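> So the chains spell out like this:
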Amino acid sequence: MTLRDRAQAAMKRLVTASRTERILISASALLLSVFIGGLIILGAGRMAECQTAAYTLAFPGSFVTQFTGGSSLFAMGFCYDPFAVYDKLFLGALGNVVIDFSTMTFSWDPLNGQFATTLAETTILAFTGVAVAVAFRAGVFNIGAQGQLVVGALLTAVAMLYVAPLFAGTGVVAGLVLLPLGILFGALGGGAYGALPGALKAYADANEVITTIMLNFVATSVALYLVSDASRFKDPESLANQTKALPEFSQFPALLFRARDDFSLLALGLAVLALVGIWYLLTRTSFGYDVRTSGIQPDAAEYGGVDADRTIVSSMALSGALAGVGGAIYVLMQLGNFQTGVPSYGFDGITVSILAGNNPLGVGFAALLFGVLQSGSIVVQVGSDVPPELVGVLRGLIILFVAMPEFFRLLGRKFGTLLPEDEQRRGAVATDGGGSDE
Amino acid sequence: MSSATARLLGAVRRTNAALFEGRSTLQQGVVVVALLFAVGLTAAGLLFPSTDAGRLFTVLTADSTLAATLRLSVPIAFAALGGIFAEKAGVINIGLEGLLIISAFAGIYAVDMTGSVWIGLFGGVVASTLLAALFAVVCIEFKADQIIAGLAVWLIALGLAPFASTVIYGGKTSTSVTTLRTLPNMNIPVLSDLLVTDIPVVDFALVDIPFFGALFDANPTVYLMFVAVALSWYTLNRTAFGRWVRASGENPKALDTAGVDVHRVRYAAVLLSGVLSGVGGAALALGIGQFTGSGPTMVNGKGFIAIVAYLFGNYNPIGAFLSTMLFAGLDATQLTLQARDVFQVPRPLVRTVPYITVIVVLALFGRTRTPDAAGDPYESGEGE
Numbered sequence: 002m003t004l005r006d007r008a009q010a011a012m013k014r015l016v017t018a019s020r021t022e023r024i025l026i027s028a029s030a031l032l033l034s035v036f037i038g039g040l041i042i043l044g045a046g047r048m049a050e051c052q053t054a055a056y057t058l059a060f061p062g063s064f065v066t067q068f069t070g071g072s073s074l075f076a077m078g079f080c081y082d083p084f085a086v087y088d089k090l091f092l093g094a095l096g097n098v099v100i101d102f103s104t105m106t107f108s109w110d111p112l113n114g115q116f117a118t119t120l121a122e123t124t125i126l127a128f129t130g131v132a133v134a135v136a137f138r139a140g141v142f143n144i145g146a147q148g149q150l151v152v153g154a155l156l157t158a159v160a161m162l163y164v165a166p167l168f169a170g171t172g173v174v175a176g177l178v179l180l181p182l183g184i185l186f187g188a189l190g191g192g193a194y195g196a197l198p199g200a201l202k203a204y205a206d207a208n209e210v211i212t213t214i215m216l217n218f219v220a221t222s223v224a225l226y227l228v229s230d231a232s233r234f235k236d237p238e239s240l241a242n243q244t245k246a247l248p249e250f251s252q253f254p255a256l257l258f259r260a261r262d263d264f265s266l267l268a269l270g271l272a273v274l275a276l277v278g279i280w281y282l283l284t285r286t287s288f289g290y291d292v293r294t295s296g297i298q299p300d301a302a303e304y305g306g307v308d309a310d311r312t313i314v315s316s317m318a319l320s321g322a323l324a325g326v327g328g329a330i331y332v333l334m335q336l337g338n339f340q341t342g343v344p345s346y347g348f349d350g351i352t353v354s355i356l357a358g359n360n361p362l363g364v365g366f367a368a369l370l371f372g373v374l375q376s377g378s379i380v381v382q383v384g385s386d387v388p389p390e391l392v393g394v395l396r397g398l399i400i401l402f403v404a405m406p407e408f409f410r411l412l413g414r415k416f417g418t419l420l421p422e423d424e425q426r427r428g429a430v431a432t433d434g435g436g437s438d439e
Numbered sequence: 002m003s004s005a006t007a008r009l010l011g012a013v014r015r016t017n018a019a020l021f022e023g024r025s026t027l028q029q030g031v032v033v034v035a036l037l038f039a040v041g042l043t044a045a046g047l048l049f050p051s052t053d054a055g056r057l058f059t060v061l062t063a064d065s066t067l068a069a070t071l072r073l074s075v076p077i078a079f080a081a082l083g084g085i086f087a088e089k090a091g092v093i094n095i096g097l098e099g100l101l102i103i104s105a106f107a108g109i110y111a112v113d114m115t116g117s118v119w120i121g122l123f124g125g126v127v128a129s130t131l132l133a134a135l136f137a138v139v140c141i142e143f144k145a146d147q148i149i150a151g152l153a154v155w156l157i158a159l160g161l162a163p164f165a166s167t168v169i170y171g172g173k174t175s176t177s178v179t180t181l182r183t184l185p186n187m188n189i190p191v192l193s194d195l196l197v198t199d200i201p202v203v204d205f206a207l208v209d210i211p212f213f214g215a216l217f218d219a220n221p222t223v224y225l226m227f228v229a230v231a232l233s234w235y236t237l238n239r240t241a242f243g244r245w246v247r248a249s250g251e252n253p254k255a256l257d258t259a260g261v262d263v264h265r266v267r268y269a270a271v272l273l274s275g276v277l278s279g280v281g282g283a284a285l286a287l288g289i290g291q292f293t294g295s296g297p298t299m300v301n302g303k304g305f306i307a308i309v310a311y312l313f314g315n316y317n318p319i320g321a322f323l324s325t326m327l328f329a330g331l332d333a334t335q336l337t338l339q340a341r342d343v344f345q346v347p348r349p350l351v352r353t354v355p356y357i358t359v360i361v362v363l364a365l366f367g368r369t370r371t372p373d374a375a376g377d378p379y380e381s382g383e384g385e
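Order-wise, the sequence lines are chains A and B. The opening position of the first sequence corresponds to residue 2 in this note's numbering, with each subsequent residue numbered one higher. The opening position of the second sequence corresponds to residue 2 in this note's numbering, with each subsequent residue numbered one higher.
What the hints contain is simulated information worked out from the structure, not anything from laboratory work. Just so we're clear, the structure is a prediction, and the values are computed from it rather than from any experiment. Incorrect hints may appear among the rest.
[Claimed, not checked] When the alpha-carbon atoms are kept at most 30 Å apart in a straight line, the in silico DSSO-like pairs for lysine-lysine are as follows:
1. A:Lys235 to A:Lys245
2. A:Lys235 to B:Lys173
3. B:Lys254 to A:Lys415
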């Protein structure tokens, strides 16, 4: 058995054993985070000031007191109602869901604006998520997806400002040429910005965790510089730091959804294609094999003839390019120009990837979950007093719990044999490429 | 020469050795070029004060530059010291940024509640230590991947602090509270009289010393920082606890064999990183008297710069402090440059200078030797 075969066999074992476990752990992590998030809402509800309590916790509960007739022994009012918050967060993201229990009817128009927002967020998060996943699988921790997305978005917006007017009045042709071109600019910008920390890691041994974080700060500052002055790319008509709006024909067509919802099924389709494509690349090609072996066992990979340095640079370039495409879509679908203050798609991409066990196909589901959280947080913000930063806390908690599979294994052993008990598979979610797919 | 001076010189020599040991000629060349540049700038500044180089020299040597450097150093230095303890013990604490954020908010909240700046500082330490304790349990007890768990600590704080601020103050930015600056300067024995009162005969006070005068007119946390650096160095290198911490990061098995509980040492080290970062974060917020929670919050990457500072300083508290001074000095210089409008460099670009420096420094001096067992969970042989 050659080293290559042995590595392959080891990976196969890892795969089949850990997939179910990964799903269970992710689901438990989500549940636990929601539970702790609920406690935080209650705690915050005690600190906030309000006229009437939105939620009252009483012991014994109303079920008992209505029979005994007396008042409850203990009652405490809270300004926020966690159930209402989660109802808004999760169902609000779907928009206009009506469940009538009396007639047992369920009605939902999937083309509503809030659901469009959810899908738009999902689309971009799928790109940043898979970007982080690719790097992760190569054993590189790309915390810089945010910066790569910013660079991709900025390059797309600025380049399109010059290119788009050339195609004015050419109808459908404009879209056919401009959209791929815009995405290409995004990929080039993000790819170059991702290759930089990759090269620094490969050839100068500079820790990528630190360099990518620093490059995020640099990207944000340089973007601010470029769009903060009319002598550069700032729209002179606007007070905000943003570029001029791109012409309508250079942006994604709405398809089915309303144009003002800033979502295009075409972009979502692209995201799905990207996920499947990356999954294929990682699992069915020799480049993917090199990436995965470098991630799991760098020394063995090198021994087996993989050029480790080149793999690091190319996987980081690919990772950055994917994040950059996310940025291009953000500009060409949602904004129509570049604005400073880009939402934290890149950081959420890390959460998405970790939740998905760095599996490109799993990234789709995790991105949808985070799309729901993001879009739902807008509903929470509009419809309640609870600050939407709660979603940020949930995000952190989910990562924290997903990072500790051992905790859930312990629970699993305590409460039956839900989880496989193989001690060998410890630390399945790890910085060394960890996960698996197929 | 007193023995204290001898020891100090020894420490400096060791720092030098640590800086140059194993460095390539390219790296040594960069250091030499940097030194030559400094000498050249000094010469130009003294000889031709009206040139650009001269004005830059004036800014660099201004009292306000050193004062700002010291002020900006405090959060970075404390977080870096904390990071050293954790990582030396074998736990990479990448969540320092999160610890700074949470203690910055908690510090302000505690002052707002009690009115005492010192209780505020304490409140920040408590909050940061609690978060560090959570991180410790997750990493040590449940063997979580330290990088991911550290990232989680950062993200939790990044969400929680603005969340709490919005709940309590109705916005991501808190109300203003008493700052550390309004406190009287710390009384340094013997020197205290020399600080602000003129010495009768020569009519001169220590604060009037050019450039270094800022050293005698700083807020209390600056002096606390000097004490913490010295104490950390002493603890790590001269005490039994320091030996355990180092062994826990290098060879936990040996430490276990010697009868010391590796988990307890690691818990202590991670909690210590929480305490130290807590001082740093609270000092940052209390220096300004307000918590700003928008964007990357007021901490704005200082926790990550702290990590680079201790890597650059090769895990030596004194080395980490010197590199902190370097990064903070860059930041202070750009602040002063902007305030005095010396060069027409746009603010957002100047702001990138410290970050780019960190990247360059890391690229040139990236190969620091991390402790052998850093990042690995340790499982004692007894329980199995």
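> Does each hint fit the structure? Answer for all of them.
Now for the hints, and whether the structure bears them out:
Pair hint Lys235 (chain A) plus Lys245 (chain A) holds up; C-alpha atoms about 7 Å apart against a cutoff of 30 Å. With a C-alpha separation of about 27 Å, the suggested pairing of Lys235 (chain A) with Lys173 (chain B) holds against the 30 Å cut-off. For a cut-off of 30 Å, the pair hint linking Lys254 (chain B) to Lys415 (chain A) stands: about 29 Å separates their Cα positions.
The earlier numbered hints are all upheld by this structure, with none contradicted.
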